[in-house]
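Undergrad: Given next are the chains, with one letter for each unit.
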Amino acid sequence: MTAISMQSGGGSAPQNVFMDQFDLAARTQRVWDINHAIWFTLMGLGGGVFLVGRILNLTEGLGSLLGIPNVDVVSFVAIAVGGAILVADLGRPLQAWRAFVNVRTSWISWGAWSDLIFLVVAGLLVLPALSLGGSEPFSGLGWDPHGGDGGGLALEIVAGVAAVVVMTYAGAVLARPRAIPYWNSPAVPLQFLLSSAAMSVAVVMLIEVIAGEPVSTGQMVLLGVLTAALAVTVVVHLLTRTDAPGKAQSLERLLRGQHRFVFVWVVCAAGTAVPAVLAFAGAGAAGARDALAVICCLLLVVGGFLLRLMTLRVGIYPPVHIPSVRGPRSAGPTAGG
Amino acid sequence: MTRWGMVIDAARCVGCQACTVACKTENQSPLDAWYAPVVEWEVGEFPDATLNYLPVLCNHCEDAPCVTACPSGALTRRDDGIVMADEEVCIGSRACMTACPYGALHFFEDRGTVAVEGAPAESAESVPERYAHQRHVRGAVSKCTYCAHKIDFGLENGLEVGVHPLATPACVVTCPAECRIFGDLDDPDSNVSQYLAGHGPPEVLRPDAKTLPSTQYVGLP
Chain Y
1 MTAISMQSGG GSAPQNVFMD QFDLAARTQR VWDINHAIWF TLMGLGGGVF LVGRILNLTE
61 GLGSLLGIPN VDVVSFVAIA VGGAILVADL GRPLQAWRAF VNVRTSWISW GAWSDLIFLV
121 VAGLLVLPAL SLGGSEPFSG LGWDPHGGDG GGLALEIVAG VAAVVVMTYA GAVLARPRAI
181 PYWNSPAVPL QFLLSSAAMS VAVVMLIEVI AGEPVSTGQM VLLGVLTAAL AVTVVVHLLT
241 RTDAPGKAQS LERLLRGQHR FVFVWVVCAA GTAVPAVLAF AGAGAAGARD ALAVICCLLL
301 VVGGFLLRLM TLRVGIYPPV HIPSVRGPRS AGPTAGG
Chain V
1 MTRWGMVIDA ARCVGCQACT VACKTENQSP LDAWYAPVVE WEVGEFPDAT LNYLPVLCNH
61 CEDAPCVTAC PSGALTRRDD GIVMADEEVC IGSRACMTAC PYGALHFFED RGTVAVEGAP
121 AESAESVPER YAHQRHVRGA VSKCTYCAHK IDFGLENGLE VGVHPLATPA CVVTCPAECR
181 IFGDLDDPDS NVSQYLAGHG PPEVLRPDAK TLPSTQYVGL P
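Residue numbers (the working numbering), protein chains in the order written: chain Y, 1 to 337; chain V, 1 to 221.
Please keep in mind that the hints were generated in silico from the structure rather than gathered at the bench.
As the structure is a computational prediction, the values presented were derived from the model and not from experiment.
Heads up, the beta-carbon is just placed ideally off N, CA and C, and yes, glycines get one too.
Accuracy of the hints is not assured; some may be wrong.
[To be verified] Among the chain Y residues that face chain V by a calculated CB cut under 7 Å, a handful are:
(1) Ala88
(2) Leu90
(3) Val101
(4) Ser106
(5) Ser109
(6) Arg178
(7) Ile322
[As the list claims (entries may be wrong)] Far from chain Y by the CB rule (all over 10 Å, computed), these chain V residues:
(8) Val89
(9) Ser93
(10) Ala132
(11) Asp152
(12) His164
Could you build the full structure based on these sequences and the hints that come with them?
TA: What follows is the structure in structure tokens.
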């Protein structure tokens with residue numbers, strides 16, 4: 001009987017003293033972790049809140065800060081903070097401008113451009129509404145900050161397209177390379193997009209509740225549909241290519257291993273299934289809608305963040321080589337000689 | 001068109017790690033970065049147990065996912081197929097590290113130095129130009145370059161690449177078992193092509209990643 005034991009740099013077996021990135025066993029990526037999960041979440045939220053606010057025409061009537069609609073303020077703050085966390089996490093933050101260079105192939109470059117375009121164009125869009133000390137210094141600009149005229153609508157569309165890329169690119173960054181099978185799937189960017197959209201609808205509902213405005217039936221249905229679609233995407237991703245090297249280990253860790261509680265109970269159950277049920281329930285229960293909206297918001301944001309964190313933490317590379325199991329090659333006349 | 005590549009006959013490797021140390025010495029890689037180690041694992045059970053060895057390094061892929069993922073353009077693939085990392089251009093996003101199936105990229109964190117601890121401090125700027133490949137930038141990613149500085153030196157001075165020690169990667173020069181062969185994969189008369197012709201079709205690591213590596217293997221365990 002023969003056996004292969006993969007060295008991991010420890011234990012009583014002969015050690016490979018070198019770095020674990022050259023371990024023959026499947027290895028977990030440890031390059032991106034909580035900072036990136038926060039960044040991914042805030043970018044998804046920032047782009048999504050702007051989009052939801054504009055599509056549902058909720059920029060007016062939900063309060064403002066310095067004349068800027070609260071919905072837009074939340075969006076800008078989320079993207080600015082997310083971007084700052086990303087820059088701070090770089091090995092060389094002062095060189096961050098170089099992230100814009102490789103637009104030909106790098107999704108991070110696409111993301112950097114979309115962040116910049118979004119902040120500039122959406123910033124321009126709301127500029128006429130800016131109120132400083134009772135005066136509106138930019139009110140003479142020739143467009144409606146709520147997109148009610150041609151100029152405003154054009155800026156809104158450009159910012160909206162950029163917001164979609166902002167919501168999506170983090171997932172695309174993970175999904176494009178084949179190195180990590182769990183990430184290498186269109187389900188990952190789709191999950192991130194749906195999660196971002198659901199979180200954003202819920203956050204906009206929270207803003208409505210805080211502003212004393214009613215949450216509509218349509219919003220609750222939209223939230224339910226988005227969350228249910230997210231649940232389906234997660235399940236499909238969990239059920240495909242389950243025996244692929246690397247992905248099998250990722251699934252093991254998510255469903256049976258160290259991340260089981262967080263993934264199954266917090267991300268899937270509390271962070272996805274429960275909000276979906278509550279959203280559909282809220283659509284038919286006008287009296288409880290505000291409370292349900294707040295609960296959904298909390299669950300979805302926590303669940304969305306943990307979905308991204310778990311996705312990062314189960315990024316597992318298969319072994320660079322899977323050896324054939326066979327007896328010792330030195331066994332023979334000279335062995336032990 | 002030249003496409004530099006390396007063939008590693010894994011069956012000949014004796015696990016001495018001379019390549020690992022030669023690479024370290026040649027490139028002065030950061031303390032926790034090993035560009036060309038030898039992975040080892042045990043096969044069998046006592047008393048019929050033995051170790052298998054697998055020398056690994058950057059695969060200098062034709063479809064290099066690190067180059068694709070890099071947002072700053074710090075990682076590039078030269079016309080001769082060598083994937084280079086410009087540490088001055090790198091922003092330290094580490095997207096290349098997540099994209100590489102082989103773990104062949106190394107982030108130089110703010111710990112460790114290129115010099116031995118306790119040795120007189122020497123700033124990167126004071127390293128002579130001919131040792132530019134030994135300069136490493138904190139917060140940037142570095143990697144195996146197939147000792148591109150040696151290849152370029154050889155080409156400039158009329159030395160045969162892959163044969164003359166001054167024009168051949170350090171790991172190849174030092175290997176006592178001659179399990180590494182370096183040369184032009186596109187030249188049917190080159191040493192690598194001839195070796196492959198005599199030792200069967202090459203294998204690659206992580207074929208599922210479809211990266212078309214220039215580091216190829218024969219005799220994989």
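Undergrad: Please go over all the hints and tell whether each is borne out by the structure.
TA: The hints, checked one at a time:
Hint status for Y:Ala88 relative to chain V: violated, with the closest Cβ pair at about 11 Å, above 7 Å. Because the smallest distance between the Cβ of Y:Leu90 and any Cβ of chain V comes to about 5 Å, under 7 Å, the interface hint for this residue holds. Hint on Y:Val101 holds. Least Cβ distance to chain V is approximately 4 Å, under the 7 Å limit. Because the beta carbon of Y:Ser106 sits about 4 Å from the nearest beta carbon in chain V, less than 7 Å, this interface hint is met.
For Y:Ser109, the interface hint holds, since its Cβ comes within 7 Å of a Cβ in chain V; the closest pair sits about 4 Å apart. Nearest Cβ of chain V to the Cβ of Y:Arg178: about 5 Å, under the 7 Å cut. The hint holds. Hint status for Y:Ile322 relative to chain V: violated, with the closest Cβ pair at about 9 Å, above 7 Å. Distance to chain Y contradicts V:Val89 as a non-interface residue, since its nearest Cβ pair spans about 6 Å, not more than 10 Å.
Not every C-beta of chain Y lies more than 10 Å from that of V:Ser93, the closest at about 6 Å, which undercuts listing it as non-interface. Distance check on V:Ala132: its Cβ is at least 18 Å (rounded) from any Cβ of chain Y, clearing the 10 Å threshold; non-interface status holds. With a minimum CB-CB distance of about 24 Å to chain Y, V:Asp152 clears the 10 Å threshold, and the non-interface call stands. For V:His164, the non-interface assignment is confirmed: its Cβ lies about 29 Å from the closest Cβ of chain Y, beyond the 10 Å cut-off.
Hints 1, 7, 8, 9 from the earlier list are contradicted by this structure; the remaining hints agree with it.
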